[in-house]
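*Asks:* All chains, full assembly: derive it from the sequences and hints.
If you read the protein sequences in the order shown, they are chains A and B.
So the first sequence is numbered by numbering that gives the first Met the number 0: it starts at 0 and just counts up by one.
So the second sequence is numbered by numbering that gives the first Met the number 0: it starts at 0 and just counts up by one.
It cannot be assumed that every hint is accurate.
Cut-off 25 Å, straight-line C-alpha distance, at most; resulting in silico cross-link-like pairs (DSS-like, lysine-lysine) [unchecked claim]:
1. B:K150 - B:K545
2. A:K109 - B:K358
3. B:K287 - A:K96
4. B:K460 - B:K358
5. B:K262 - A:K96
6. A:K124 - B:K358
7. B:K53 - B:K539
8. B:K358 - A:K105
9. B:K184 - B:K53
10. A:K186 - A:K207
11. B:K358 - A:K132
12. B:K150 - B:K529
13. B:K205 - B:K150
14. B:K205 - B:K311
15. B:K509 - B:K527
16. A:K132 - A:K186
17. B:K205 - B:K53
18. A:K96 - B:K358
19. B:K545 - B:K529
20. B:K545 - B:K145
21. B:K145 - B:K311
Some chain B residues well away from chain A (every beta-carbon gap over 12 Å; in silico) [stated by the list, open to error]:
22. Q181
23. G201
24. K422
25. F426
Since the hints were derived computationally from the structure, they do not count as laboratory data.
We put the beta carbon where it would ideally sit given N, CA and C, even for glycine.
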Amino acid sequence: MKKQLKHITLWLLVVLAAPAVAQIPSLTSENTQSDLNRIDGKTTGVIYFITAEANNNFFLQKDWVTGIIELEDGTLFRNVRMRYQAHDDELIVYNNKQRTLFIIDKETVKSFTVQEGTRVHRFVKLYFDGFGKGERYFRELYDGTNKLLAFHFIDEVKINPYTDRYGMLRDKEYRPAVHYYLYNGKKGFSRLQMKRNSFLKVYPEHKKEVRKLFRKNHIFITGEEEMILAMKLLEESGIAN
Amino acid sequence: MKERTLKIAIGFLLALASFIVHAQTETDNARMFLFTDRDYCISGDTLWFKVFLKSGLTEQGDVIHVQLDSPDNNLISTVIRQSRNQWAEGYIFVPDSLSTGVYFLTAFLNSQRNNPGLEALSKSLFVYNRFANEITDMKIPTGRQKVVPGKAGGVQLEINKNEFAPREKVTVAVDCSELNQQGIKNVVVKATKIDELAEEAGGTFKVNPRPFNPEIPFLDESDGFILNGKVTDPETGAPKAGALVLLSIVREPPYFDYSYTGKDGGFYFFLKNAEGTTNVILQAIPEKDEEYKISLGKNYLVRRSNFTMEPKKLTPNQTDFISNQVSGSFFRRLFKNSYVVKPDSFYMPPRFSIPFYGKPNNHIVTAEFIDLPNFQEISRELLPGVQYREKDGEITFRLLNETQSVYFNVEPLRLINGIPVFKNSFFASLKSTDIDYIDVVLKQRLFGDLLFNGILAVSLKDKSNLWLAQQANIFQFSVKCLQPAKSPAYNQEPDFRETIPDIRQVYLWKSMNTATPETFGFYLSDLKGKVEVSVEGVNKNNENVKFSKIIEVK
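*Replies:* Here's what the structure looks like:
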């Protein structure tokens, strides 16, 4: 009896193995194409020449990071080496076939996501109608009925002339800066600062409720996390809808 | 103890086996249900179809291929149609010259071709050649598992009468609320003349097809389709591997793409949101002065084993029916040319707000300037950053690299009407009056992995592209892209002038949402005989269900 049972078990194992072998994994668009040159879409852009000055001062990320680019037509490009160049508000991408850097055409990009260590940052392209009109990349902190956005840029500050370690005379310094915005599809952009009062100014008709909400939840707006939490609470309470 | 453990193990394995078998069946049954407006037609007719995709299939793409082939696997015709909400509706032309016989329609998704155990459903179509005199025998399919539709319970089909006179109005009230509760959201309602032969010997058959060209990528086709072809040596027919193939579609802004051929000389392009018929220009770029031949391929399935066909002697009634239909078809063509589907126009929305060559540094509309006699004058007067040199009869172009303030030392990408040009002499005789606009890009640009050292794009007023004939390795093809939405003319009110015979075989062909009852009205034609009014759909168990009533036209 035992022997028979063993035979049945063995036979069943063989039978089970057969369909497992027959199941060939389906080839999807992801594993049939290379990074930037895919059958269902190509990235386009202008060749970019990086200088030491740009490398040290213009980029939001200190080093090249891996990310995903989503084009306006929905095409996704994964595992792309890239860096956000905050000085000119451009996305610089590495093309490994041509071994060159290029500025991806902003008109074609819908969003991109970069992985920095354990943190994932998503950038979206939106038309900014304030001073310096045009399409800009914004880092998306919160995406709900409203968007909480951060616009990174590099401030060129005039300083007293000095000679750097290479013997070059310099009179300016590059300082990374950020502007926060609240974006609503209907109302457009509202500038926000990392201050409690700035939130109160955005909702002048609900000042009392906002104050109460922040007090109850111990929100003092001292960092991005608190800004996100504040935005979430404002939407949940119906103030920001 | 050990025996008990073994028993438990067997029990577990049996349960696992049943699960896997079930899962396997689901994969095998990853199929579509094809409904046609009739089971027979006369050669030269247009057949209308509706395809239902079961819910899981929609994740594998939304573009459906429908093919018409012969029992011995010869492709007759194929169309590509995009589905919406699990349904695709379209039409397929049955060629005029198709001989009398039984043919098969099969629907599939491109990604399904990868499934080695794919089980598809092929629907028979009885075609009678319009020049056939008297058909007394035919070959009919046998030895295949025929899918018999289950009976749709709970369909209320009320017809105002059972017997009608020709040209009389029929009113059909359909209530499928019970089907809606069973999860059937949409059904097909049709009224058509019955062909006893097609009813008896035809139907839907289970088949195990394989891809005709397994080299075509098994990409999930969503909003677009794969255009495939081959580059070969024109003399030997040997495939050319690693050749660069450029694709252009002349439109505003121009469409451009490229592909490299594989070992078999095959190339593949994905045309997104391209609807209708268009001319596609393909050129293969040789490494030396070689000549290439480009041909386009078809993407279709072939059955692993052919249908077994057996001869069948037709009854006098069946022969009479066919003869009547054939002569009816002649009158239909003569008097009802509105039934002929008009040729497709082409629509392809631009992918982005800028052309594929990017934002030009200069966009020159030549009409805004004085007339200039040739391109040398145009480049000198109107195109800053463009060098046009003529030496020993050779013309060269060099564009300024604006980023580095030096001229590129290689030719830019030259385009005429969006088509890459490699013979600069084409530009020489262009007058400013021939040109609509010129775009100049003074930058080094990337398109995928292709590097362009500046771009000179000339858009002519004349888009006929007759100059193409003078360039080597360039081919123009008329390509049928995604089929645009159309509906059959017989769904409209018929023309009831006494002098014009009405020989329609199909009276009603509509989709219906089962949530609300609907009443349909249609007029019968001059044809007498049995008319079937039916409601068909697919239930939750992915079974074809049908409910029908027969009315008599006397």
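*Asks:* All the hints need checking, so say for each whether the structure fits it.
*Replies:* These are the hints, each one checked on the structure:
For the hint pairing K150 of chain B with K545 of chain B, the CA-to-CA distance comes to about 5 Å; that is within 25 Å, so the pair holds. With a C-alpha separation of about 17 Å, the suggested pair K109 of chain A and K358 of chain B falls inside the 25 Å cut-off, and the hint holds. For the suggested pair K287 of chain B and K96 of chain A, the alpha carbons sit about 23 Å apart, so the restraint of at most 25 Å is met. Under the criterion of a C-alpha separation no larger than 25 Å, the hint pairing K460 of chain B with K358 of chain B is consistent with the structure, at around 21 Å.
Distance restraint check for K262 of chain B and K96 of chain A: the Cα-Cα separation of roughly 20 Å lies within the 25 Å cut-off, and the hinted pair is therefore satisfied. For the suggested pair K124 of chain A and K358 of chain B, the alpha carbons sit about 18 Å apart, so the restraint of at most 25 Å is met. Taking the CA atoms of K53 of chain B and K539 of chain B, the gap is about 9 Å. The hint holds against a cut of 25 Å. Restraint check: the Cα-Cα separation between K358 of chain B and K105 of chain A comes to about 10 Å, which is no more than 25 Å; the hinted pair holds.
Distance hint between K184 of chain B and K53 of chain B is fulfilled; the C-alpha atoms sit about 12 Å from each other, no more than 25 Å. Pair hint K186 of chain A plus K207 of chain A holds up; C-alpha atoms about 22 Å apart against a cutoff of 25 Å. Restraint check for K358 of chain B and K132 of chain A: satisfied, since their Cα atoms lie roughly 18 Å apart, inside the 25 Å limit. Distance restraint check for K150 of chain B and K529 of chain B: the Cα-Cα separation of roughly 20 Å lies within the 25 Å cut-off, and the hinted pair is therefore satisfied.
Using a Cα cut-off of 25 Å, the hinted pair K205 of chain B and K150 of chain B holds, with the two alpha carbons roughly 19 Å apart. Between the alpha carbons of K205 of chain B and K311 of chain B the distance comes to roughly 22 Å, so the proposed pair stays at or under 25 Å and holds. A threshold of 25 Å between alpha carbons decides the hint, and for K509 of chain B with K527 of chain B the separation of about 22 Å falls inside it, so the pair holds. As the CA atoms of K132 of chain A and K186 of chain A are separated by approximately 16 Å, the hinted pair is consistent with the 25 Å bound.
For the hint linking K205 of chain B to K53 of chain B, the alpha-carbon distance of about 16 Å falls within 25 Å, and the restraint holds. With a CA separation close to 24 Å, the supplied pair K96 of chain A and K358 of chain B stays within the 25 Å bound. With a C-alpha separation of about 18 Å, the suggested pairing of K545 of chain B with K529 of chain B holds against the 25 Å cut-off. A C-alpha spacing of about 15 Å is found between K545 of chain B and K145 of chain B, which places the hinted pair at or below 25 Å, so the restraint holds.
For the proposed pair K145 of chain B and K311 of chain B, the alpha carbon gap of about 18 Å is at most 25 Å, so the pair holds. Every beta carbon of chain A lies more than 12 Å from that of Q181 of chain B, the smallest distance being close to 31 Å; the non-interface claim holds. For G201 of chain B, the requirement that its beta carbon stay farther than 12 Å from each beta carbon of chain A is met, with the minimum near 32 Å. At roughly 25 Å from the closest C-beta of chain A, the C-beta of K422 of chain B stays outside 12 Å, upholding its exclusion from the interface.
Its beta-carbon lying about 24 Å from the closest one in chain A, F426 of chain B satisfies the requirement of being farther than 12 Å from that chain.
Of the hints listed earlier, there is not a single one the structure fails to meet.
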